[in-house]
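J.: With chain A fixed as given, assemble chain B with the ligands onto it according to the hints.
Top to bottom, those sequences are chains A and B.
First residue of the first sequence: 0, per numbering that gives the first Met the number 0; consecutive thereafter.
First residue of the second sequence: 0, per numbering that gives the first Met the number 0; consecutive thereafter.
Worth flagging that the hints you see were computed from the coordinates, not collected in a lab.
Take these hints with a grain of salt, some might be off.
[Stated by the list, open to error] A few chain A positions that, by computed beta-carbon distances, are all more than 10 Å from chain B:
id, residue
1, Glu17
2, Glu23
3, Gln100
4, Leu136
5, Asp264
6, Ala318
7, Glu343
8, Ser346
9, Thr354
10, Leu358
11, Val359
12, Glu433
13, Lys436
14, Asp473
[Said to hold, decoys possible] Part of the chain B face toward chain A, derived, beta carbon under 10 Å:
id, residue
15, Arg184
16, Ala194
17, Thr267
Glycine is no exception: its CB is placed at the ideal position from the N, C-alpha and C atoms.
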Amino acid sequence: MEMRGITKRFPGVMALDEVDFELEKGEVHVILGENGAGKSTLIKMLSGAYQPDEGEILLDDEPVSISSATVAQELGISTIYQEFNLVPQLTTAENIFLGRQPRRFGLVNRRKMGEEARRILERMKVRVDANALVSNLGIPQRQMVEIAKALSLDARILVMDEPTASLSGQEVERLFEIIRGLKEEEVSMIFISHHLEEVAEIGDRVTVLRDGKVVDRVPASTNRSEFVRMMVGRPIEDQFPRQQPETGEVLLEVNNLSQKGILEDASFQVRAGEVVGMAGIVGAGRTELARAIFGVDPVDSGEVWVEGRRMKLGNPREAKRRGMGFVTEDRQGQGIVPPLSVEENLSLASLGLNTSVGLVNRREQRKRARKMIEDLNIRTPSPEQEIRYLSGGNQQKVVIGKWLLANSRVLIMDEPTRGIDVGAKVEIYELMNELTKNGAGILMISSDLPEVLGMSDRILVMSEGRITGELSVDGATQENVMELATQGSEAAVE
Amino acid sequence: MSSVVGRIKPRELLSRGGPLGGLIILCVVMTILSPFFLSFNNLFNVGIQIAVVAILALGQTFVIVSGGIDLSVGSVLGLAGIVFGWASVVAGLPLPVALALGIGTGALAGLTNGLLITLGNLPPFIATLAMLSAARGLALVVSGGVPLNPLPEAIRTLGRGDLFFIPLPVVLTLIMLVIAFGILRSTYSGRCMYAIGGNEEASRLSGINVSRQKLIIYTLSGLFAGIAGILFMARLASADPQGGFTYELDAIAAVVIGGASLSGGVGTASGTLIGALILGVLRNGLNLLNVSSFWQQVVIGAVIALAVMTDTLRRRKG
Ligand SMILES: Nc1ncnc2c1ncn2[C@@H]1O[C@H](COP(=O)(O)OP(=O)(O)OP(=O)(O)O)[C@@H](O)[C@H]1O
Ligand SMILES: [Mg+2]
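For reference, chain A alone in the conformation it holds in the complex (with noise of 0.2 Å):
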């Protein structure tokens, strides 16, 4: 497979500016750039959703016109996207298959549907009832899914468009035996990913993009500085910047919180200038702790403090009076409005402060949006921009800004980097160390455990709805984070 000159406007932006790529039989070959590059967008030439404005697809070296979702799959390519394509009132088997079901006599054969998905999960190794409604799963479940979708399809190209953003480790290990086992295959496969270190472990050869333009193709046993150096265009010397600042009074005190089957007496504080992160395994319920001290679930027991007066549970408006503020982990679902602009999805949480008698002083409004997108450095060609059209790190700004801009003081972050690239984390981080420098508390929930291990001040370990430890950020590797992240699971795993 081969691209040529592709060329990709949309209005106001060069999403890719005569970019040429090719794709050997068995290769996995890596995409990196930052937020906003035009990865996804080149990835979506060859799965049908776009058409470059200029430039030729060339499969088995005659020209090609994936003019839909449904060409590129009879050319056997197949497409995992960055956002999930899932039907959440179906169930995995019916998502695995949709639009083309195992039929008899023109009715869709619900028992062989579900032995074959049960069968490609299986050779996933992944625990998810092909049965389940996928509104029931949580992301990484749904990612596996998505997954699993794209391999039914047996296709000669896999497009992965970070598949492993949402995976913690385990899982990522098991998609990479999978992709492995399709090499063997003679499967070819895009993979982007930010997750550098995936690069060397996965990838055979890796195209760097910036703004749209190849910047450069090299090997991927190409050293990490290097990578970054060419995606950011400057080298980032520190990629954990974390300055810890005194530490000052509790600001958020969670006590014996439980709810039946899911947490179990979770226990903790986090005080101002600290980042306490939370670690653990996909499933562990910290997704389930944050949205029930946010107060969007509800508990069975327990109680949170916040700077020292006890808060009530079960409202999400309580807890953002309070000074409270949650950057979800499901981005799209939960954290931005997408047809609306940037400068309004900015605005969101911070709505009744710009308002006197029900009235929205929408110029005051604007003002601060446009200064928190300076501030955070948001990439998008204007305030108005409707936000879907972002990249995916850009929203995540957006939406930690959101919260930023309604004055919180206490922030739970749940994961709060997934797909963002190198140079953008570092911002974040550095942002983060702002916040506390002014008398924030963070809560950062991640599954990447470098980032834990760099940016946290503590560290607090999750396993099946318990803390099973703290370790101070000095004594904590690796190696013992994961063994109280596995305690008392490993019983359940296999």
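T.: Using the frame of chain A, we list chain B with the ligands on its own:
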């Protein structure tokens, strides 16, 4: 300025200006086809004819922008009008009291919709479908199934009078337009409508009281339907329990033709007025051209489909 207008080609206007472009083209075509179309008298006629639907549609805009739908507005219009008629004709209450009762009934019906949706957890389609039936039934019960006359002289003036040559129904429509515009653009609730319609969960997690806002939204829709009900009865000079029958369909059509999206988060007050005008000009023009009312329905159906299709295409192209 004039050079800019001069340079824009009709096709471009249609694809760029969306509904407004469509309206202008429609007017140009009608002017060419019928010598009677372009006169103050006729244009005011169009304005009077669309006034009731336009006000209903403005109320409906709040609901559709927030991702819901209100099927009950036609019936609520009827109920509000009948309560007003009953209060002034049968109970002999003074006009302001009768007006307050009528419009209040509309708001109350809207609030009930809101309660069914938030507390009762009904989908908006079902809740307002139930209200469509119940409100019409109540209108018939209150009136005994017959029109109530004669309405007080003052209110009949609202249907027929002018303010500086401008018909009062048109004036009322413009006032409601300004109010709806202000609500959508500058009030807390208005901004919440867009947020809730665009992503309800994200709105809730951002600390917006979604349930309360929905109550406000449906109450507003009912309130607008109540005001439309008064105007309807004023124009008829009689309170008719069948008033506003199937008007909800025109109202929804106007909102959608005006560029709002039924999946929520998108829509404007001015767009809705333009949508209502497109429907009105089309009916008026087809009448002037002596097209049978049967064919008119076919044409209007086609225009609704076409309008929404071009709008979607326009959006996709970006
Ligand atoms: N449909 C669209 N309309 C307008 N602009 C778009 C659209 N899709 C993408 N863009 C813009 O094109 C550029 C490239 O976006 P793309 O999604 O390809 O980036 P990316 O490299 O995948 O980033 P990320 O790492 O954040 O996923 C960005 O500036 C983005 O804002
Ligand atoms: Mg992308």
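J.: Each of the hints needs a verdict: does it hold here or not?
T.: Cross-check of the supplied hints:
1. Every C-beta of chain B lies more than 10 Å from that of Glu17 of chain A, the closest at about 21 Å, which supports listing it as non-interface.
2. Residue placement check: Glu23 of chain A keeps its beta carbon more than 10 Å from all beta carbons of chain B (closest about 35 Å).
3. No Cβ of chain B comes within 10 Å of the Cβ of Gln100 of chain A; the nearest lies about 26 Å off, and the non-interface call holds.
4. In this structure Leu136 of chain A is separated from chain B by more than 10 Å, as the shortest Cβ-Cβ distance comes to about 16 Å.
5. Its beta-carbon lying about 25 Å from the closest one in chain B, Asp264 of chain A satisfies the requirement of being farther than 10 Å from that chain.
6. Under the 10 Å C-beta cut-off, the non-interface status given to Ala318 of chain A relative to chain B is violated; the minimum distance is some 8 Å.
7. Look at Glu343 of chain A: its CB is around 7 Å from the nearest CB on chain B, not clear of 10 Å, so calling it non-interface is violated.
8. For Ser346 of chain A, the requirement that its beta carbon stay farther than 10 Å from each beta carbon of chain B is not met, with the minimum near 8 Å.
9. At roughly 4 Å, the least C-beta separation between Thr354 of chain A and chain B is not larger than 10 Å, which violates its mark as non-interface.
10. The claim that Leu358 of chain A is not at the interface with chain B is violated, since a C-beta of that chain comes within 10 Å of its own (minimum 5 Å).
11. At the 10 Å boundary, the C-beta of Val359 of chain A falls inside the reach of chain B, the nearest C-beta of that chain being 5 Å off.
12. The claim that Glu433 of chain A is not at the interface with chain B holds, since no C-beta of that chain comes within 10 Å of its own (minimum 22 Å).
13. The claim that Lys436 of chain A lies off the interface holds: its Cβ sits roughly 25 Å from the closest Cβ of chain B, which is beyond the 10 Å cut-off.
14. Against the 10 Å criterion, Asp473 of chain A stays outside the reach of chain B, whose nearest CB is about 35 Å from its own CB.
15. Given hint, Arg184 of chain B at the interface with chain A, holds; its Cβ is 7 Å from that chain's nearest Cβ, closer than 10 Å.
16. Hint status for Ala194 of chain B: holds, given a least beta-carbon distance of 5 Å to chain A, under 10 Å.
17. Hint status for Thr267 of chain B: violated, given a least beta-carbon distance of 13 Å to chain A, over 10 Å.
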